[in-house]
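Asks: Sequence:
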Amino acid sequence: MKNLGNMLKQAQQMQAKMQEMQAELEAREVQGAAGGGMVTVTLNGKSELKSITIDPALMKEDEREVLEDLIKAAHADAKTRVEREMAEQMQKLTAGMPLPPGMKLPF
1353 MKNLGNMLKQ AQQMQAKMQE MQAELEAREV QGAAGGGMVT VTLNGKSELK SITIDPALMK
1413 EDEREVLEDL IKAAHADAKT RVEREMAEQM QKLTAGMPLP PGMKLPF
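In the working numbering, the protein residues as written are 1353 to 1459.
Possibly wrong hints are sitting among the right ones.
Listed below are the simulated BS3-like cross-link pairs for lysine-lysine, each with C-alpha atoms no more than 25 Å apart in a straight line [claimed, not checked]:
(1) 1431 to 1398
(2) 1424 to 1398
(3) 1444 to 1431
(4) 1354 to 1398
(5) 1369 to 1444
To be clear, the hints were calculated from the coordinates, so they are not data collected in a lab.
Based on the sequences and whatever the hints tell you, model everything.
Replies: What follows is the structure, given as structure tokens:
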């Protein structure tokens, strides 16, 4: 039973650290870019769109489809970066804690 008590205590500590980490990540902003930086998208740690910056050279009527594609690509780049950063932080948080194979946090 002592092991179970220790595991519960570790789980509570990890939960507190996870909540702290999530709050920190939500406050961070991550940029994604496309078209050699002609379009940048900024997301917060919750993958919420904070801003879009578009190079004025793309503001031509005949560049509309290109611009739309670049916005989507920049958003995808930023989202990938947010997810990677979240995964890295979770790896640090759960280091040393035995989790079953395939189990990912947060649930």
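Asks: Decide, hint by hint, whether the structure agrees.
Replies: Here is what the structure says about each hint:
A hinted pair counts as satisfied when its Cα atoms are at most 25 Å apart, and residue 1431 with residue 1398 qualifies at roughly 9 Å. For the hint pairing residue 1424 with residue 1398, the CA-to-CA distance comes to about 18 Å; that is within 25 Å, so the pair holds. Taking the CA atoms of residue 1444 and residue 1431, the gap is about 20 Å. The hint holds against a cut of 25 Å. Under the criterion of a C-alpha separation no larger than 25 Å, the hint pairing residue 1354 with residue 1398 is inconsistent with the structure, at around 38 Å.
With a C-alpha separation of about 11 Å, the suggested pairing of residue 1369 with residue 1444 holds against the 25 Å cut-off.
Violated hints amount to a single one, hint 4; each of the other numbered hints is respected by the structure.
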